[in-house]
Amino acid sequence: MADFVQQVVAGLASGSIYASLALALVLIHRATGVINFAQGEMATLSTYIAWTLTTNHGWNYWPAFAFTLAVSFLGGAAIHQTVIRPNEKGSLLRVVIVTIGLLILINGLVTLIWGGEVRAVPSPFPSGTTEIAGVAITTQDIGTILVVVATVVVLWLMFQYTKIGLAMRAAAVNPAEARLVGVRVTWMLSLGWGLAAVLGAIAGMLAAPSVFLDPNLMAAILIYAFAAAVLGGIDSPVGAVVGGLTLGVGLNLIGAYVDFVGADLRLPVALLVILVVLLVRPAGIFGREEVRRV
Amino acid sequence: MSSLLELEDVEARYGPVQALHGVTLEVAEGEIVAVLGANGAGKTTTLRSVSGTVRRSGRISFAGKPLRGGPEAVARAGIAHVPEGRGTFTELTVQENLRLGAYTRRERSLKGDIDRIAHWFPWIHERARQPAGTLSGGEQQMLAVARALMARPRLLLLDEPSLGLAPMIVREIFRIVRELNEREGLTVLVVEQDARIALQTAARAYVLEVGRVAITGTSEELQENESVRRSYLGY
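Note that the protein sequences, when read in sequence, are chains A and B.
The first sequence: position 248 = 248 (my numbering), numbered continuously.
To convert, count from 1 in the second sequence and add 1000; that's my numbering.
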């Protein structure tokens, strides 16, 4: 039983990382209508920035964390303004191809600057375990879950209660109407890209201590995040979080208890989830089927 | 009375299709002015040329200054546009729609404004947390007007408020518009297919035909006008 609970908590920890990146994908999909294939690489770049600050420049972890978030936010917004925005007038496919180009570009850039070797990243959380109700849980897992929960709560409060959050939602659901009430829609979309980059950076920085840092840090995590977003509903922020956690726990339990899957076959299982959801319920658990009034 | 809004020789086009061929009209402060015409005459485009949601040329001035830029800038200048077909954010709640209406204003608390608007639309308080999409068609149209009022506009652009609504609801909406005009001095430029109710509400009207002003005059004059009667009033 204790083992089972440990597996569930470990699943929640990796699931919250998927949720964070999935939330980034959902934010951009709601606002721009496309999947940002570069989301994972943007997160990898952010993680390298944090790693450089702590390892090469002697920064403490949390100031480096905060600084990286700020840089990621500006970077995300800048990518939207410079690369995405000029292509938004064309077809969606054009923007999708631009994001794939960004994926390749950022991956190359990261390899060029930091090289391809695998690096150990120190964890911000004390090593060891904490006993909760008789079950030993690693501090890393608890910390990861708490950081993501805090992020999600802050985002939710922002979208629900602030003027700018409301304007961002309005710009995403109905840009033409939003302009009529005076919302500067393009800026709201840039803000959305900035926030998505922040979410990605959080996912990357939380993942790096347990999976090591290399230029392909987020490749697999991006697939899990896709699966999470598709499972929850690609336009549903709640769905992204629930989808991420469900997938994390599910994959961890399957990996631990289903012998033939083990740790190696998790990725195919995630792909299977994407496939099945798209076949059975394309809108995902929390998504609504698009209804168009004729 | 001085002119609040002036259009002089305004042209507008959708890609290769020219929709307005030089429209000239004016709206005085505190006035209700109607724009009538058949489908495709350019009524909606006239409003869209004011709010900057269509490419336009010619001269448009508002409160004595040239009106330029896209809809964001026009909203900031004090013009609220209620577009054709229920201008609401259906996925957002009634209250969120109203908060968005006041987006261009700096006030921190909107309580007073929402109360003021609830005087005209009393159901707004009890429906505050309901998504706008769950309201009836008439309520959505009223919410669109309410949302526009939240901006405290100097000019309200109303596009086809009667579209798809029952006659009773249409009369109710026009009654509210008239009262807002009488009591709060709201200036309104309304585009309407239903010429009868538009002429009952407005002081003056313009009749558009293929992108030009064909006839203009006070509502009484137009109600007497033979061709307006035959083409738009049906008697």
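One or more hints might be untrue.
Unchecked claim - According to the in silico footprint, chain A covers these stretches of chain B (three or more CB under 8 Å from chain A): (1) 1064-1072; (2) 1082-1089; (3) 1096-1108.
As the list claims (entries may be wrong) - Computed cross-link-like contacts, EDC-like style, restricted to lysine to aspartate or glutamate with a CA-CA straight-line distance of at most 20 Å: (4) 163/A <-> 1096/B; (5) 1065/B <-> 1029/B; (6) 1065/B <-> 1091/B; (7) 163/A <-> 1113/B; (8) 163/A <-> 1091/B; (9) 1111/B <-> 1126/B; (10) 1065/B <-> 1011/B; (11) 163/A <-> 1072/B; (12) 1065/B <-> 1107/B; (13) 89/A <-> 1072/B; (14) 1111/B <-> 1026/B; (15) 1111/B <-> 1096/B; (16) 163/A <-> 1107/B; (17) 1065/B <-> 1113/B; (18) 1065/B <-> 1126/B.
Said to hold, decoys possible - If you want a taste of the chain A side facing chain B, the calculated C-beta under 10 Å gives, among others: (19) 169; (20) 176; (21) 178; (22) 180; (23) 182; (24) 184; (25) 185.
FYI, nobody ran anything at the bench for these hints, they're computed from the structure.
The beta-carbon is built from N, C-alpha and C at its ideal position, and this holds for glycine as well.
query: If you draw a straight line from the CA of residue 1111/B to the CA of residue 1026/B, is it 20 Å or shorter?
result: With Cα atoms ~34 Å apart, residue 1111/B and residue 1026/B exceed 20 Å; violated.
query: Taking 20 Å as the top limit, are the C-alpha atoms of residue 163/A and residue 1072/B close enough?
result: holds (16 Å)
query: Is residue 1065/B close enough to residue 1113/B, meaning Cα to Cα at most 20 Å?
result: violated (28 Å)
- prompt: Going by Cβ atoms only, is residue 185/A closer than 10 Å to chain B?
  reply: Cβ of residue 185/A sits 8 Å from chain B, so the hint holds.
message: Hint check: residue 1065/B vs residue 1091/B, CA-CA at most 20 Å. Holds or violated?
response: violated (36 Å)
field: Minimum beta-carbon distance criterion (10 Å), residue 176/A to chain B
entry: Since chain B brings a Cβ to about 7 Å from residue 176/A, closer than 10 Å, the hint holds.
message: Check whether the Cα positions of residue 1111/B and residue 1126/B lie no farther apart than 20 Å.
response: Holds: residue 1111/B and residue 1126/B sit about 14 Å apart, inside 20 Å.
query: With a Cβ-Cβ cutoff of 8 Å, does the stretch 1082-1089 of chain B contain at least three residues near chain A?
result: Result for this restraint: holds, n = 4.
Hinted contact residue 178/A with chain B - closest CB pair below 10 Å: holds (8 Å)
query: Hey, residue 89/A versus residue 1072/B, does the alpha-carbon distance stay inside 20 Å?
result: Answer holds: residue 89/A to residue 1072/B is near 18 Å, not above 20 Å.
field: Coverage of the stretch 1096-1108 of chain B by chain A (three or more Cβ within 8 Å)
entry: Satisfied; 6 residues make the cut.
- request: Would you check the hint for residue 163/A and residue 1107/B, treating anything up to 20 Å between C-alpha atoms as holding?
  value: holds (11 Å)
Checked against the numbered hints above, the structure breaks hints 6, 12, 14, 17 and 18 and satisfies the rest.
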